[in-house]
Each structure stands twice: as structure tokens, then as C-alpha cells.
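Protein chains in written order, with my numbering: chain P, 1 to 839; chain D, 1 to 314.
Don't take every hint at face value.
Computed footprint of chain D on chain P; a stretch qualifies when at least three of its residues, placed anywhere within it, have a C-beta under 8 angstroms from a C-beta of chain D [claimed, not checked]:
| # | region |
| --- | --- |
| 1 | 263-270 |
| 2 | 335-344 |
With a Cα cut of at most 30 angstroms, we get these calculated DSS-like pairs of lysine-lysine [as the list claims (entries may be wrong)]:
| # | chain 1 | residue 1 | chain 2 | residue 2 |
| --- | --- | --- | --- | --- |
| 3 | P | K580 | P | K335 |
| 4 | D | K79 | P | K488 |
| 5 | P | K266 | P | K335 |
| 6 | P | K488 | D | K130 |
| 7 | D | K79 | P | K266 |
| 8 | P | K489 | D | K79 |
| 9 | D | K56 | P | K266 |
Computed far set for chain D versus chain P, every beta-carbon distance over 12 angstroms [stated by the list, open to error]:
| # | residue |
| --- | --- |
| 10 | H189 |
| 11 | G259 |
| 12 | Y268 |
| 13 | C292 |
Just so you know, the hints here were simulated from the structure itself, not pulled from any lab data. Every residue gets a Cβ at the ideal spot worked out from N, C-alpha and C, and that includes glycine.
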Amino acid sequence: MMRHLLWKDAMTARALLLAVLIGILGAAVCLVLVSPLMNEADAASVFVSFWILMPNLFAIGIPAILVGNEEERGTLLWLRTLPVRWQSIADAKLLVALGGLVICWLGSSLVLISGGMLVTDKFSPFAEEMISLEGVLYLACFSVMLMLLGFVTAYLFRSPVAGLLAVVPLIGGVTYLFELLTRWILTGQINYGGALTDPTFSEQLALGVATLGGMIFVAALQRMLARRRLNRMVGRSWSKRLNSSSTGVAYKPPVAVIAPRASTAKVLVWQQIRQCWHLGLVILLTSVSYMLLSYGFRRDRWNSSATAWESLIPLFLGLAAIWLGVLVFYGDNFKNRRSYFADRGFTVNVIWWTRLSAPFFMLVALIVFLLVLHPDTDTLLRVDLHSTGLSLAGAIIELVTCFAFGQLVCQWIRRPVLAFFAGPAFAVIPAIILMLFASMYPNYAWWIMISALVMLFGSWQLTGAWIENPHRDGNNAGGIRRCIQWLKKPEVRAVSYVLLAILCPLVIVASLRVSTTPVLRAQWRQRLLAAPVPEPKTYPNGRPIYRNLHAEKYSTYAFADKSERSADQFGADERNECLKLLREELASDEIGSRVSREDIQWLLELNTPTLTGAENLDSDLRLLATEVLLDWSNRVRQQVCEGGMSCMDLMFADRCEYDASIALLDMYDQKGMTRPLARVISQIPSAELRQESRRIALQGEWQVYNRQSWWVGEGKSMQAAPKNFLGFPVALMRSAIPYERRRADRNVDEITYLLLKLCEQPSDADHLQFQEQALVVWRDLLGPRHKVDSLPLSPYWISTQAHAERIDRLRVAAQKLMKSSEVKANEDPEQQQDSRESE
Amino acid sequence: MNQPVISLQNVSRSFRNTKALDAVSLEVPAGTVFALLGENGAGKTTLIRILTGFLKADEGSATVLGESCSKSGTAIRRKIGYVSDNPAMYEWMTAEQIGWFTSAFYEDGFSSRYYELVTGFDVPGGVKLKNMSKGQRAKVALALSTAHNPELLILDEPTSGLDPMVRRQFLESMVDLAALGRTVLLSSHQISEVERVADWVAILAQGQLKVVQPLEVLKNETSIVTATMDDSSATLPLPPGEVLTESQNARQMRWVVRGLPEDWRSVYAGDTGAIELKEETASLEEIFVAVCDPRANRPANDSDSVDSTMLKVN
Chain P
1 MMRHLLWKDA MTARALLLAV LIGILGAAVC LVLVSPLMNE ADAASVFVSF WILMPNLFAI
61 GIPAILVGNE EERGTLLWLR TLPVRWQSIA DAKLLVALGG LVICWLGSSL VLISGGMLVT
121 DKFSPFAEEM ISLEGVLYLA CFSVMLMLLG FVTAYLFRSP VAGLLAVVPL IGGVTYLFEL
181 LTRWILTGQI NYGGALTDPT FSEQLALGVA TLGGMIFVAA LQRMLARRRL NRMVGRSWSK
241 RLNSSSTGVA YKPPVAVIAP RASTAKVLVW QQIRQCWHLG LVILLTSVSY MLLSYGFRRD
301 RWNSSATAWE SLIPLFLGLA AIWLGVLVFY GDNFKNRRSY FADRGFTVNV IWWTRLSAPF
361 FMLVALIVFL LVLHPDTDTL LRVDLHSTGL SLAGAIIELV TCFAFGQLVC QWIRRPVLAF
421 FAGPAFAVIP AIILMLFASM YPNYAWWIMI SALVMLFGSW QLTGAWIENP HRDGNNAGGI
481 RRCIQWLKKP EVRAVSYVLL AILCPLVIVA SLRVSTTPVL RAQWRQRLLA APVPEPKTYP
541 NGRPIYRNLH AEKYSTYAFA DKSERSADQF GADERNECLK LLREELASDE IGSRVSREDI
601 QWLLELNTPT LTGAENLDSD LRLLATEVLL DWSNRVRQQV CEGGMSCMDL MFADRCEYDA
661 SIALLDMYDQ KGMTRPLARV ISQIPSAELR QESRRIALQG EWQVYNRQSW WVGEGKSMQA
721 APKNFLGFPV ALMRSAIPYE RRRADRNVDE ITYLLLKLCE QPSDADHLQF QEQALVVWRD
781 LLGPRHKVDS LPLSPYWIST QAHAERIDRL RVAAQKLMKS SEVKANEDPE QQQDSRESE
Chain D
1 MNQPVISLQN VSRSFRNTKA LDAVSLEVPA GTVFALLGEN GAGKTTLIRI LTGFLKADEG
61 SATVLGESCS KSGTAIRRKI GYVSDNPAMY EWMTAEQIGW FTSAFYEDGF SSRYYELVTG
121 FDVPGGVKLK NMSKGQRAKV ALALSTAHNP ELLILDEPTS GLDPMVRRQF LESMVDLAAL
181 GRTVLLSSHQ ISEVERVADW VAILAQGQLK VVQPLEVLKN ETSIVTATMD DSSATLPLPP
241 GEVLTESQNA RQMRWVVRGL PEDWRSVYAG DTGAIELKEE TASLEEIFVA VCDPRANRPA
301 NDSDSVDSTM LKVN
């Protein structure tokens, strides 16, 4: 007899088991395919997450299928008429559920772990913790507990869906209690807020005993409820017992006058609300409770699981949205009630949108609750989808898409209870693909809404077939006709719509990306490839000669201690020391060997008029400091022209020149042009040197970029990796996609072209245009993860116009002075002698 | 002559290797109660599902109220009243609620007619359908399908599982509808009840249409001839006419015969071995068994066999 009961329950559980195993396999295939787009640690974490998720989906669903489904079909009642003990019935269900759970865990482990190992050797700490012995034990206990709680609610509630929904807060409560217990065992305090240390053997034993005790308690509870459900006499309900009189009413009056006729839409909406409001309310309340709890925990510093709870909110809300979607057709699938519409030839359109009405309204309510309950409204309301964490925009995209998926699945899987579990199981595959898409293209994430529209369109198209429930048995047609008939099956069409929904945003965005890829500047590329870039000079051992740039390191000299002092505290000894160091720096081959750029900047800032009570240091010191800056600028530029220094080094030269020009102009404005000042001005790098060095540096950078490969590693570990340009990685997260690689290459060409144009000092209008274009290209090149407000090599390359004007002004003033000095010297030889001596 | 309300021409339908309907042709005249009889699995429900557009015929054509069943199933179902063998209803609704709900899909007048019908059927008010008895639910289903005054009512085994009183009520309401000029197509295997109300009868057996005739004509034309023999081993000639079945029980031979002539006794005149001859009108049930029973003994006739000549359509 037991064998027969086991067989019967196994047949019942088969569909859910199959759905979960298909979900596992599908998830593994998807993850293996998309893992090249992720880094290894993330890929491992995702694999492990699905390894945990899928069997627990089975655990949560199987009690509702085995008990609730049988209750709905009336077969449980029929079983009770047979000479079979209630214990046998309950045991068979429990054994089948356990067996199925073990199969799911084994299948999940085999497929997902193997798949994970195929793509990565590295595991994140989370993954390693989960696949350790303790982790596996914890997960096994969690799954079994989840399953047992499922049986508790399945025996408690007649409606399988109510039983399913009741499990969610129950497992949350049990997990919370377990956490409190763990804290108490390990620390002696329930509200201990610090990190927990590894438990000792006795603490582990205590935890194990507590866990086992909890599981035994829940098992006993479900046993007791099974006895109550399977063994009791059906009597009057407690509510009727409360209200009963001694006898029933012998005569029931006939039907009262029917209410006035209403519109078709109104009655259909009324009917839909009536049949799904209670389940929708449970879903909403459960979601709201979870949000309240999670956001409430954030305020309790002692609860270290707050982050974990809160991080699961998107998953939880997604599940709630899927279930709200399932509600769309659930009520009419129940006992095949949709045939009511078929028998009367009602129109498809009005039935479709009225099915959607109430659950969609509940979805909107869920979003409103999120808006109200989220503690950080500014973060929630941000428009950009780049940053991590839940945003309202992201929530809308996720929830509407999940809802659309749920309602299509419910049409396709016509067993109403199974749809609640199969929905999340099958959602795994499209979720992985669309989430990856959203992380790669957050700027295009709104296109995912197309998926929702496609799925809603699909359900509208399939509503006619759903209502009429066409006969499933095919006739004896063979060959192509049979194939066509198979393709017309509602299930096949529903799956096709899901596939289309996944593909649509991918194809649209790919088309947009391809169509907006900059055109190839073939001739320009040829010229630039052919342009000679000086090879760096090296010593015989290959070490480059020009590695003498040390000036960006922080100061280690005597100046550093003066950073907090003002100019009036600068004594004569210190002045002389500064002068000595500056002169030594000018004489040195190494840039920054005696002073750093920080030192120079500090010196120059000491002279700013804003310092209270400060008198300017003598102009010699300032002038010498400025001269050092210009010397650095010249040398670096020359080294760039001779090869061996990069754009990054050139930025140093630009900055030095910029700071020097500002300081020189300040000195000129304060005290007018003097001969020493004019001498230093003459050391400002020429425009030709400036342009030439920039051109060569950028060219060299571009050529280095083009020599890089998109592929790193060898053999099995070869994968696409972003290339670098101007110190930034390009096509981050997208380098595995061919059209993105091509787009990145073209964008690098564009940005190089535009930066070179900016070097040539174009007119104001052109300058602005090039700058704007370059910024757009640069943003696209770096991708959405970087917040880009300015161009690379900014601001010095961009403000060339202002910088050039400043230098021109100084040079003109200096030249004027030199000319007038020459004239006077020609007139007075003694004055000429004096001026030479002073120089 | 009125156009037939339902017309089938050589309709066939198979499910995998099973031929559910085999070249069925019939026409249902307007204003009649047309009974479609057949044992379980004969093809009645399949035929009805083809008429209501739920199934497509593999071959042949079918029309209802002038509309093609394969192309206009939804439109047909909107016009007719249809009660399936297991009508789907929203069991959480009461009779009033489901009447109000359904009234939105039909014209004005539905509510009042529905109210009359459920009151006449004594359907209790304020009780959810799931708490009603099977008979009460069947009455509600019938009321819903007739309250919009359809020209054609198709009922697929509507009295299955109902008590005799409810069955009688049902069937009498069919007669009332027919009297008002409506057409009722009723499928059943409750022969004795159908016999009381049907105007026309069609008998389906193993997917084939064996008989289509007005009931009275069919009964008048079919007789049961019983001959008592002097010896159980005697061989008697077949009576004249079309012998549908022959059976022997000790010294009695029994034939179900169609088209028995007035002078049929002359065949047994003389020393044929028959010592007693009786003739009686066959009931519909006897006709049905004679037509459908696969184990029945069907002697070869001079005229055509049962399989090909039973179809008589006026």
C-alpha cells in the first residue's frame, strides 16, 4: 500500500520537480554562457546563489502541491474513503517531498557547481563559506525546515496558495529566531551587536542540538496538523458553531430580485477583484512586512543581518511581482472556470484587460509602498541606474517585467497552483540575462520594459486559446502539418513570446549601439599609424633613460613642516635653505630630486594676498620657484618629443606650466615687468614645443592602445578584458561583445582625433564644439560605471586658449621691456653694464 | 421549407488512432427537440464540440445558424445557449450574483428572464453555488444558458447525475422552449427520458450515425417480432422487412424489424415451426440497443445492411 501511495505522490510531484530541474539546467547553461562578461569571483557567487535558490524553490512548493492540490481536486477526500491510515498518507507525502528535495540538491550541486568550476577556479568568501561543510549543513537544515514549515501551512490552510504565501513570513520568523538563539549561545546576549567569533565545539554542539530540536518540533507540529486534516470528521465550522441555532432553516426563500444590469467591463472587474483580492492582499502584506522589517533593522545597530535582509528586497519584491502576475489568470484557471467565457463566446479583449486590472493595481500599490517605506528617499528617487542599490526606476523596471512574466506563465501553465512555483523557477533564466544586460547597459535599462510589453502582448494574443482550451490530442496528421500544429500549441507560443521578450531589448540596444558607432576614419588612421613616434632612449641594459620624474611624490624636505605656517614666520635661514634647494634642483638631472611640486605650490601659495598678515616673500624666491616649474615643463616636453614619456607625464608638464604662468602673471600684475621676470618668462615652453609634445604623447598613447589585445590569458583561461587608454579601462564589462570592442576602438580614434584638434588651438566656436563632442565620446568610452564630468587630460589641454592668451600677454610685456632696455642701453652704456651685472 | 438550424456534411474527426466521428451528415430542423443518442464514447460530445467551434473537423463542414463552425465558433456561442456536460461556473458566486454577472454580456431582458427561470426552478437565494446541490447548480446553468432567449440551445448530457424529478423538470422545459419555436439539441444516454420529449432522434454508435429520423416515424417503423417455436432446434425464416437483430431464448426467437409489412404473418403460415407470433412496437431503448449493440446478432438481409441503410432523413 505504501508503495502505491508513494507512486501516486511521486506522480503529483513530478511536474514541479521537472520544472525545478529544468530551471537548474537552464540557469547553469545561461550562467556558463554569460560568465565571460563577469569577473570570476562574481561568476562564482552567482553560481552558488542559484545552487542554493533552486532546491529551496522546490522545498517551498512541494507541500502545497502534494497537500493543497489534492485538497482542491477532491482526491484527499476520496483517499479518506479508502481503508488507508492517515499516517500512511502523511508519511508518503513527506517521503516523496524529502526524496524530491534530495534529488534537487544533488541535481543542483552537480550541474551548477560543475558549471561554476568550468568557468572559474576562484570562489568569493561567500561562495567558499557556503560550500564548506558547515555551509552545506546549514543549507540542508534550512531546506528541510522550509519544507516542514510548508507542510505545516499546507495542512493548516485549505487553499494551497494561502499555504504557500504563509510560509514566507514563517520562515523569516524562524530564521530570525535562529539568529537570536545563535547570538545567545555564542555571546550570552540576544542583542549583541558586534561580530561573532567562530564557535567552539561545545557551542557548535549546542547550536546543533537547538537546530535539531527546532526541526523535531516543526515536524511534530506538521504531523499533528496532518492528523487533524486527514482524520477528523467534517463538522460545522467554528464560525457556524458560534452563530448556530438549534435547527437549520427548513425553507430558503428564492432568489431575490437581480441587481440592475451593469456594463461588461464593470462586472468582469468586479469578478476579478472578488476572486483574487484575498491572495493579492496576502502578497502585499507579506511584502510590506518584509520591507518594514528590513528597513527597521537598518536602524537597529545590533542586527548585523540588516544588510543581508535589505539586500534581498529586490529579490523578494520580484517574487511578489511574479505572484501578482500569476493572479491575473489564476482565478479563472481554478477548476477550469475560464470555460465559462468560452461557453458563451465572450470577447477576448475585455476579458484580457479586466483580468489584468486588479493585480496590476496591486502592483502599483506595491511600488507606492516601496516609495513610502524606503528610508532614504533621495537614493530611491535617483534617476541614474548606475549605482548599486535599489532605485525607484530600477524597481519599476524589475517589478513590471516580473509581473508581465508571471501573467504569461499562468496562462501557459494552467494548473493554477503549479504556476505559483513554476513562475519563479522559470523566471531564473530570463532574469539572469536581463539583469546582466541591465548591469552592462544601465543607460539602456529602460528598454527592458519592451520585454514587459512583449509578454503582455503575448498573453493578449493567447487569451483566446486560453479561454477555449483547445483539445490537446492531435490527430493523425504527419510531417509538416504536425509540426505546424505543434508550433501552434499555446505552450509553445508562450515560450516563444518569452524568448522574444528576452531578445527584443538585446537586439534593440545592440542595433542602437552598432548604428551609433562612429565611422571609421580610415585615412586618418593610416596617417597616424604611419606617423613616427620617437622610440624611448634606453641604456644598454634596456632600462629607459628618462625615468627621472619624481616630482609628484609628496614633499619630504624641510618645506613640509612649514605647511601650517604663514609667510611672516619664514625666517632668513629657511629662505636661504629654500633658495639653495631650488638652485640645486635646477642643476639636477633628476626632476624632483631636491624639491617636489607640492613644495613649489606651497611656496607660491605663501605669497597669495589672501593670507592674513603675510608679507610676500621676496620675489627672488618666488621667481626661482617659478623657474623650477618651467624647467620641469620644458624638460618633460622635450623628453616626450624624444620618446619615453607618456601623456600622464605630459600632464605634469602642463600643470607645471600652468601654475608657473599663473604665478608669473600674478607677479607681473603686482609689481610690473622687471628684467628678472622677463628672463623667466622667456623660459616658458614655446607653443610649438607644447603642441608637438602633446601631439607626440597622444599619438604614442593611441598607438600603444592599438597594439593592445582584447584577449588576456591562454587556453582555457583566455577571456576578453578591457583595454586601457589614457589610464582608463575602456569597454568595461562589454569587452566580450564584438560590436562593443569595435565601438571602443572607434571611440578611441574619435577622442584622439578631437583631442589633437584641441591641441591645434582652434577658434572659440570650434573649440567648444570639439570639447562637447569629445565629452560625449569619452563618456561612452568609459561606460556607465564612471561618472564623467570632464575630458581626460583636463583642464590643461582644454583651457589652452586662456593659457595661450596669458602667456602671450606675459611675453608681449617682457618683449616690450627688453626692447626699451636695449634702446636705453644703446643710449647709456653704463646702465647696460649695470643691468648685465644684475642679471 | 425552413433552413436547418444545424447542418453537418460528411464530418469526420479523429484523435490519434481513434476515429471519433466518421463521415457524419445530418440536419436539425428548426423548432424541434433533437435528441442525439449514443453510448459512452460514441462521439456525441465530439460532435457537439465541433458544432460549438471548440474542435475543428478533420473533414467535412458544419454550420450552425448559417455560420461556419470552424470559422465562427465564438459568434455561434454568443448566439446560442450551451450547457456542457460539466459546466464551469464561479462557485463562489450566488445565483443572484452569477445572474447579474452574466447579464452584462447580453441585452436587456436577460435579468428578468433569468429571475423567472431560477424562481421557477426553486433555486435558493443567497447560497453560493459551491454549497448548492448538483441539481440546483444544473438548474442555474440551464437558466444562464436560456435567459438570453437563444434560437438554439445545445445541451450536452445536462441531466447526468440528477434525480428523476429534476430530470423531468429539465426535459419539460425543453419542450416548452421548442413550443416557442426554439430548437434544442440534446445529447443524452437517458433513452427513456428523451423518448418523452424528443421530436427527432439521431443515434451515434462508434462514431457513425446509424439513425436520423423523427421519433414517431422511427417507432412506428420499428417492431419487435417474437415467435415461439415448437422445438428449440427449429429454424424459422426471417420476418419480412429489415431485420436489425435476431436473438433466441430457448424456444423463442425475437427479431427487431424495420418496415414490417402488414401481412408479415403469411411468412409463417403452414408448418414453419412457429406456434405463436407476436408483434409489438419497439421502444426507443430497444431500437437503440438493436442499432448499437456490437454483440447483437445481425442476420444478413435481402435488403442493405444496417450499417449503410439505416440513415433516413426526411
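Going through the hints against the structure:
1. 263-270: With 6 residues in contact (Cβ-Cβ under 8 angstroms with chain D), the coverage given for the region 263-270 of chain P holds.
2. 335-344: n = 9 at 8 angstroms, threshold three: holds.
3. P:K580 with P:K335: Outside the cut-off at roughly 97 angstroms; violated.
4. D:K79 with P:K488: Holds. K79 (chain D) to K488 (chain P) sits at ~27 angstroms (cutoff 30 angstroms).
5. P:K266 with P:K335: Holds: K266 (chain P) and K335 (chain P) sit about 23 angstroms apart, inside 30 angstroms.
6. P:K488 with D:K130: Distance ~35 angstroms between K488 (chain P) and K130 (chain D) Cα, so the pair is violated.
7. D:K79 with P:K266: Within the cut-off at roughly 22 angstroms; holds.
8. P:K489 with D:K79: 27 angstroms, holds
9. D:K56 with P:K266: At roughly 33 angstroms apart (the allowed maximum being 30 angstroms), K266 (chain P) and K56 (chain D) break the hint.
10. H189: 21 angstroms, holds
11. G259: Nearest chain P Cβ is 38 angstroms from G259 (chain D), so the label holds.
12. Y268: Holds, because the least Cβ-Cβ distance between Y268 (chain D) and chain P comes to about 50 angstroms, which exceeds 12 angstroms.
13. C292: Holds, because the least Cβ-Cβ distance between C292 (chain D) and chain P comes to about 24 angstroms, which exceeds 12 angstroms.
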